[in-house]
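Protein chains in written order, with the UniProt record's numbering: chain X, 1 to 133; chain F, 1 to 133; chain E, 1 to 133; chain Z, 1 to 133; chain B, 1 to 133; chain U, 1 to 133.
If you are wondering where the hints come from, they were derived from the structure by calculation, not from laboratory data. The beta carbon of each residue, even a glycine, is placed where N, CA and C say it ideally should be. Heads up, some of the hints might be wrong.
Residues from chain F shown here face chain X by an in silico Cβ test under 10 Å; the list is partial [said to hold, decoys possible]:
1. His18
2. Tyr56
3. Gln83
Calculated lysine-lysine pairs in the DSS-like style (CA-CA distance at most 30 Å, straight line) [to be verified]:
4. Z/Lys85 - B/Lys85
5. E/Lys85 - U/Lys85
6. X/Lys85 - B/Lys85
7. E/Lys85 - F/Lys85
8. Z/Lys85 - X/Lys85
9. U/Lys85 - F/Lys85
10. F/Lys85 - X/Lys85
11. Z/Lys85 - E/Lys85
Protein chains: 6
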Amino acid sequence: MTWKGRNMTNETRLQRGHRQLDRIDGAGGQAVIAALADIAPDFATYLLEFPFGDIYSRDGLGLREREIATIAALAAMGHAQPQLKVHIRAGLNVGLTRDEIVEVLMQMAVYAGFPAALNGLFAAREVFAEAPA
Amino acid sequence: MTWKGRNMTNETRLQRGHRQLDRIDGAGGQAVIAALADIAPDFATYLLEFPFGDIYSRDGLGLREREIATIAALAAMGHAQPQLKVHIRAGLNVGLTRDEIVEVLMQMAVYAGFPAALNGLFAAREVFAEAPA
Amino acid sequence: MTWKGRNMTNETRLQRGHRQLDRIDGAGGQAVIAALADIAPDFATYLLEFPFGDIYSRDGLGLREREIATIAALAAMGHAQPQLKVHIRAGLNVGLTRDEIVEVLMQMAVYAGFPAALNGLFAAREVFAEAPA
Amino acid sequence: MTWKGRNMTNETRLQRGHRQLDRIDGAGGQAVIAALADIAPDFATYLLEFPFGDIYSRDGLGLREREIATIAALAAMGHAQPQLKVHIRAGLNVGLTRDEIVEVLMQMAVYAGFPAALNGLFAAREVFAEAPA
Amino acid sequence: MTWKGRNMTNETRLQRGHRQLDRIDGAGGQAVIAALADIAPDFATYLLEFPFGDIYSRDGLGLREREIATIAALAAMGHAQPQLKVHIRAGLNVGLTRDEIVEVLMQMAVYAGFPAALNGLFAAREVFAEAPA
Amino acid sequence: MTWKGRNMTNETRLQRGHRQLDRIDGAGGQAVIAALADIAPDFATYLLEFPFGDIYSRDGLGLREREIATIAALAAMGHAQPQLKVHIRAGLNVGLTRDEIVEVLMQMAVYAGFPAALNGLFAAREVFAEAPA
Numbered sequence: 001m002t003w004k005g006r007n008m009t010n011e012t013r014l015q016r017g018h019r020q021l022d023r024i025d026g027a028g029g030q031a032v033i034a035a036l037a038d039i040a041p042d043f044a045t046y047l048l049e050f051p052f053g054d055i056y057s058r059d060g061l062g063l064r065e066r067e068i069a070t071i072a073a074l075a076a077m078g079h080a081q082p083q084l085k086v087h088i089r090a091g092l093n094v095g096l097t098r099d100e101i102v103e104v105l106m107q108m109a110v111y112a113g114f115p116a117a118l119n120g121l122f123a124a125r126e127v128f129a130e131a132p133a
Numbered sequence: 001m002t003w004k005g006r007n008m009t010n011e012t013r014l015q016r017g018h019r020q021l022d023r024i025d026g027a028g029g030q031a032v033i034a035a036l037a038d039i040a041p042d043f044a045t046y047l048l049e050f051p052f053g054d055i056y057s058r059d060g061l062g063l064r065e066r067e068i069a070t071i072a073a074l075a076a077m078g079h080a081q082p083q084l085k086v087h088i089r090a091g092l093n094v095g096l097t098r099d100e101i102v103e104v105l106m107q108m109a110v111y112a113g114f115p116a117a118l119n120g121l122f123a124a125r126e127v128f129a130e131a132p133a
Numbered sequence: 001m002t003w004k005g006r007n008m009t010n011e012t013r014l015q016r017g018h019r020q021l022d023r024i025d026g027a028g029g030q031a032v033i034a035a036l037a038d039i040a041p042d043f044a045t046y047l048l049e050f051p052f053g054d055i056y057s058r059d060g061l062g063l064r065e066r067e068i069a070t071i072a073a074l075a076a077m078g079h080a081q082p083q084l085k086v087h088i089r090a091g092l093n094v095g096l097t098r099d100e101i102v103e104v105l106m107q108m109a110v111y112a113g114f115p116a117a118l119n120g121l122f123a124a125r126e127v128f129a130e131a132p133a
Numbered sequence: 001m002t003w004k005g006r007n008m009t010n011e012t013r014l015q016r017g018h019r020q021l022d023r024i025d026g027a028g029g030q031a032v033i034a035a036l037a038d039i040a041p042d043f044a045t046y047l048l049e050f051p052f053g054d055i056y057s058r059d060g061l062g063l064r065e066r067e068i069a070t071i072a073a074l075a076a077m078g079h080a081q082p083q084l085k086v087h088i089r090a091g092l093n094v095g096l097t098r099d100e101i102v103e104v105l106m107q108m109a110v111y112a113g114f115p116a117a118l119n120g121l122f123a124a125r126e127v128f129a130e131a132p133a
Numbered sequence: 001m002t003w004k005g006r007n008m009t010n011e012t013r014l015q016r017g018h019r020q021l022d023r024i025d026g027a028g029g030q031a032v033i034a035a036l037a038d039i040a041p042d043f044a045t046y047l048l049e050f051p052f053g054d055i056y057s058r059d060g061l062g063l064r065e066r067e068i069a070t071i072a073a074l075a076a077m078g079h080a081q082p083q084l085k086v087h088i089r090a091g092l093n094v095g096l097t098r099d100e101i102v103e104v105l106m107q108m109a110v111y112a113g114f115p116a117a118l119n120g121l122f123a124a125r126e127v128f129a130e131a132p133a
Numbered sequence: 001m002t003w004k005g006r007n008m009t010n011e012t013r014l015q016r017g018h019r020q021l022d023r024i025d026g027a028g029g030q031a032v033i034a035a036l037a038d039i040a041p042d043f044a045t046y047l048l049e050f051p052f053g054d055i056y057s058r059d060g061l062g063l064r065e066r067e068i069a070t071i072a073a074l075a076a077m078g079h080a081q082p083q084l085k086v087h088i089r090a091g092l093n094v095g096l097t098r099d100e101i102v103e104v105l106m107q108m109a110v111y112a113g114f115p116a117a118l119n120g121l122f123a124a125r126e127v128f129a130e131a132p133a
């Protein structure tokens, strides 16, 4: 089995996940981890290890591209507005412009319908209002 | 109202849509248009005009990024396998590598679950098998 | 509690359900009931009693309108193509024209995206090809 | 290509969209357009042009039937409560009775489950409480 | 047709449904029934009769197992948070432990993605905070 | 952070995942791993490590209960029929009876609608026909 994309270092998956979560989601990610502490602390560990320690740590696709994919998916599925907001902020963190995020959300009208796109755009409006331009 | 992203030329939306559909989806897109001819020809026109003449013709996001967003959304929603295959081919057409497409699909395990990612990867396997590497 | 919409007769819910299933879904409905016989015969009874004996037997909305609602919902949800085909046939049975069904399906592009609408239109094309015009 | 359903007048799609949005969604629709002004003004234009200027302006299906289809789809998909409320109001605007809207929503229990139907009925209860009977 | 699973007694479906709703959902279920009184009283009856009088009254699967299935499904679908909370309470009512409910919700990360699991866990956190441990 | 549920042994996550996949999904699981070999071998590793090495290896919920949850979720979401079939087989492997699986699938009519339940029951019919009773 080739293992070309996996980032192999001395860091544990958990350490790498913490580092990536900080870099990508910032305070929004930390808040999610904290909120899990009293209900499902193991799930916080899984969240750090698999999405962040494994997937977002892979070579082969840049973080800008990864956030485009995540924003598109969350807006299209339509049932995960809190996570969509976290990832719109994450998109800004990793270098997407507001205009690029708006383009991704508008495009979702084609694939998931106008309501999904509208709700995504309104989520972006809230995030942009809170963040420095 | 600003109109910064819209590509204003002498082309009609329908002409621009035909041009973009050819460029992005190639034969797969033409097959969809042809299949609509006897059931809903007007819908073929809307499909050319709005998604391709309007959205994919906008400045502000490259076609590689647009196909990442579309592949992610279609894989995450999970109920549109024929369209997912068309857009995996489109991703190759606009310059995504096979590895990049696989990265996007694997990432969907995080947001939409392992079955959605698996079904996306199996769609990619079919498309890659048909296309020259 | 008012009970204005419920059709109260001497028929049992099961009898009324059989009658309505025959009228609305015809052979397609009978095939579903038959297919359940060896796996979940009780479910066939529930299917006759609740959707057909209760809901489709209510006053307050005509069968044409009920089939418009069902075709729209099934096309929008996108994961129930066999049932969508049964209800496109049912729509024809209760008096919807092919053009009206196509209008409903095209409209779903707005609410559920172009792939859902396309897959609905292709389902209609199959049903129309089998049915006498 | 036949173009039987499309309403061809001297109005632009945008003008026709504005007229239809006013007629169908009234103040709720205007609020959506206004809310898009600072985040994605182009999307307001697309929303006026494609759903309202193109789809709702077509012959071949009455506005009552179109709103039945939209209410059914939005309730069934379940992730677009703000848009569902706008279209329950729109249904009243184009002549659906409260009882007819309730019938459509109850029917969704069959196709999308009881939670989707319940959440649709509770959305209707809010809209009906605000609107004059 | 065999009828092995159906619980046949002198109770009407409505009476049996009331009894099961009280037992399973307790006050949360009664609140739903009450909320339907002025918008769709017939739907309250259907809700008592089919899900509770028919399905939850069947032999062949215990109530603990039925609530595991319901919690899993509602968390995975992701668009029915009010109903998910009612059924997390119901799970506690029929004997699931908090830890078992958390296990079910964490497992949904695999099948429906991390956002669906997170939103389910946060719903559980709210329910557990209100209920005596 | 408590780590009460995680099964800590000298086995790697990958080894434990292989063992659990064999036990739960049997040949169906091996076929999925094999099918990933040429398109996304890393994803096969993630699939073994996270769902099977982590989640299914946890204490706190039995495998019968875990398969009830998975079957319910996959049937309710409705877009993952291949995975639903794998897990109906898995349910039989870990000790669920055919009748129990049918009960879970019928119950999904309440939460996800009759089409989702029907498609789940038809998947079960196929699996039961292939498996020795």
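Can we keep the F/Gln83 interface hint, with Cβ of chain X closer than 10 Å?
Holds, because the Cβ-Cβ distance from F/Gln83 to chain X comes to roughly 8 Å (cut-off 10 Å).
Given the hint that Z/Lys85 pairs with E/Lys85, does the C-alpha gap stay at or below 30 Å?
holds (29 Å)
Would you mind confirming whether the straight-line C-alpha gap from E/Lys85 to F/Lys85 stays at or under 30 Å?
holds (23 Å)
Between U/Lys85 and F/Lys85, is the straight-line Cα distance small enough, at 30 Å or below?
At roughly 23 Å apart (the allowed maximum being 30 Å), F/Lys85 and U/Lys85 satisfy the hint.
Mind checking the alpha carbons of X/Lys85 and B/Lys85 for me, to see if they're no more than 30 Å apart?
holds (23 Å)
With the threshold set at 30 Å, check whether the alpha-carbon distance from Z/Lys85 to B/Lys85 stays at or below it.
At roughly 23 Å apart (the allowed maximum being 30 Å), B/Lys85 and Z/Lys85 satisfy the hint.
Using the nearest Cβ pair, does F/Tyr56 come within less than 10 Å of chain X?
Holds, about 8 Å.
Between F/Lys85 and X/Lys85, is the straight-line Cα distance small enough, at 30 Å or below?
Roughly 29 Å between the alpha carbons, so the hint for F/Lys85 and X/Lys85 holds.
Closest C-beta approach of F/His18 to chain X relative to 10 Å, hint status
Result: violated, 16 Å to nearest chain X Cβ.
Assess, step by step, whether the Cα of E/Lys85 is no farther than 30 Å from the Cα of U/Lys85, and give holds or violated.
holds (23 Å)
Compare the distance between the alpha carbons of Z/Lys85 and X/Lys85 with 30 Å, and conclude whether the hinted pair is satisfied.
holds (23 Å)
Hint 1 from the earlier list is the only one contradicted by this structure; the remaining hints agree with it.
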